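**Student:** Next come the chains, spelled out residue by residue.
There are 2 protein chains.
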Amino acid sequence: MITQTLKWVGGIDGFLELIDQRRLPAEFVKLQCRDVEAVCEAIKTLAVRGAPAIGVCAAYGLVLGMQKLAADAGLEQGLKVLVESCEYLASSRPTAANLFWALDRIKNHAQKFIAENQDATIAVLQEAILAEANAICQEDEYMCRQIGINGEKFIRPGAGILTHCNAGALATAGQGTALSVMFEAQKKGRKFKVYVDETRPLLQGARLTAWELKQAGIEVVVICDNMAGWLMKQRSISAVITGADRIAANGDTANKIGTYSLSILARENGIPFYIAAPSSTFDLSVKSGAEIPIEQRSADEVVIFAKTKIAPDGVSVCNPAFDVTEAQDIAAIITEKGVIEKPNAEKIARHLGGPSQ
Amino acid sequence: MITQTLKWVGGIDGFLELIDQRRLPAEFVKLQCRDVEAVCEAIKTLAVRGAPAIGVCAAYGLVLGMQKLAADAGLEQGLKVLVESCEYLASSRPTAANLFWALDRIKNHAQKFIAENQDATIAVLQEAILAEANAICQEDEYMCRQIGINGEKFIRPGAGILTHCNAGALATAGQGTALSVMFEAQKKGRKFKVYVDETRPLLQGARLTAWELKQAGIEVVVICDNMAGWLMKQRSISAVITGADRIAANGDTANKIGTYSLSILARENGIPFYIAAPSSTFDLSVKSGAEIPIEQRSADEVVIFAKTKIAPDGVSVCNPAFDVTEAQDIAAIITEKGVIEKPNAEKIARHLGGPSQ
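Protein chains in written order, with my numbering: chain A, 1 to 357; chain B, 1 to 357.
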């Protein structure tokens, strides 16, 4: 069964139900968010993570924020509460692009709705906001599914697929990006095995991706990051599929640290390397990977492991969160619009500009 | 200060002092082994590790075993006790080649001594055994030092050196192999930085190598294994130096899992990759890396960390302990005899057969 990370339960008086990812894989616990504060806390503490999933949660957070309004509240008061909720939610993860995008979309939608329906009751505005949040959620589900449908052909029967970090259902409102490709191949009845890099320092691969794939009944082999190259050389791995955090206009792709190394090791061993990501991941304002800034994260992520210090006091740590894989080492980028084989600036511009396939 | 992993304190009535590596890096504790059982336990529980260090400990373990003899015991009885101690110590780590080698060497030495000195007292035999154990220890110290002297020229001023796992003083009776090269470069007054791969699953890099280098006053940066490639591409790393577990006749080198990937990433980025190891690491009975068997270790090493389960129950794990780096990707192999640049079967045969440089 493919994991459903989040679900809105009920109508405008309903609540948001989330898988609490902080407790995976040891425990599978659902969290019910019944007010905007609970959603904010869930995002802040990584109970929910992954850019698309955060965006959808924030949208539903706004629906929850509106529940505090009295039934006879006016539309202006409704808008005021909405804007306050937006500001509150925006503080939960200040660098999450999808979060701001979703908040803005709901706010704009509400403003337009009020301008066009000045005599509506607050309940009707609440319905409109819920409908827009549902639309964001459904678009994400559709996008995920389409990525899978477009990419499943790359998984051959008997394949050994390597993935890195978590680009799965847990990171989206749908069935993920890289993992969606696997889920669609599975639906076609194909048998294959997925090697999951544990993905140090935060172990999203071992903790989350392995859990999701297992839930879906796909054969999983967890490995340490430093084993992937050797398994490619041993022919255990026949393709690599990862997600992406940002893709430059020329196809250079920023993703979780370690992805660059996998792309080189895959090329060395004649193994195709695929990126699966929504078309919204492209940032055409960035010409090439050299322009993508790489976030440095805290030393503690590396040197404290399960509350145990694993390195001596006083040593330096380097902890880049991402690296950049060059377009020339990517066999194809799979989006909800289709597939860009051997990506370059021209093909990408055409892909993004052209009609959906 | 360069770490001294083990030391014999006193004469034939003395004891063996060891750094307890199980407690590093959190605590620096010395362990005093006063009987053969304590040495056996230290080897078994990895208080001491690294093939050369284990060999030397076992040799001193035999000296301890002889202490139970009465002053008026006969030589035959002495030999009997020695053989019993050998058998006991041999059970501590049944696959450690250096362990058997050291035990055999002491036993042969004692047998020869008895044959030539039939009227000697037991104390004189004990002195002979201690002298041979000291010789094994001093040869290891000399070997380590020579590797460093032969390799230090490869560390340029301002270099960023990457190392993997622990090929340091903690693994030998001397100043290590790969780390010896760094210690000798430091003695020449050269400033450089060492990037230390944490080395999953057992984290010997983060726990042991980082500790040793810091003790010696060398600048250390701990990284996760999946960051090394990206730091090479960023030009932070200018050379890679690792140890070796076994080197085939053609120069293919088995070392800790992850080493193969580093060799490919180094070549990709135009960075020289060096192996530092004693000439005893060559196994000429093995023609190439393809013939070296790769030990698979337990899944728990990967999925249980500091008593915390990091992956869901029921997933498979692949945990190869070693991989093989091809000779063509090794810029040079540094031994106590000298340097084999661009190693191949012919050069290796000449290096091993020829006089020490």
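I should point out that these hints are in silico values taken from the structure, not numbers from a laboratory. Accuracy of the hints is not assured; some may be wrong.
[Stated by the list, open to error] Listed next, the stretches of chain A that the computed footprint assigns to chain B, with coverage defined by at least 3 CB atoms under 8 Å from CB atoms of chain B:
(1) 108-120
(2) 198-210
(3) 224-230
(4) 262-274
Only a predicted model underlies this, so the values are computations on that prediction, with no experimental measurement involved. The beta-carbon is built from N, C-alpha and C at its ideal position, and this holds for glycine as well.
**Student:** Take the hints in turn and mark each one as holding or not.
**Tutor:** Do the hints match the structure? See the list:
{"no.": "1", "hint": "108-120", "verdict": "violated (count 0)"}
{"no.": "2", "hint": "198-210", "verdict": "holds (count 8)"}
{"no.": "3", "hint": "224-230", "verdict": "holds (count 7)"}
{"no.": "4", "hint": "262-274", "verdict": "holds (count 3)"}
Comparing the model with each numbered hint stated earlier shows that hint 1 is the single one that does not hold.
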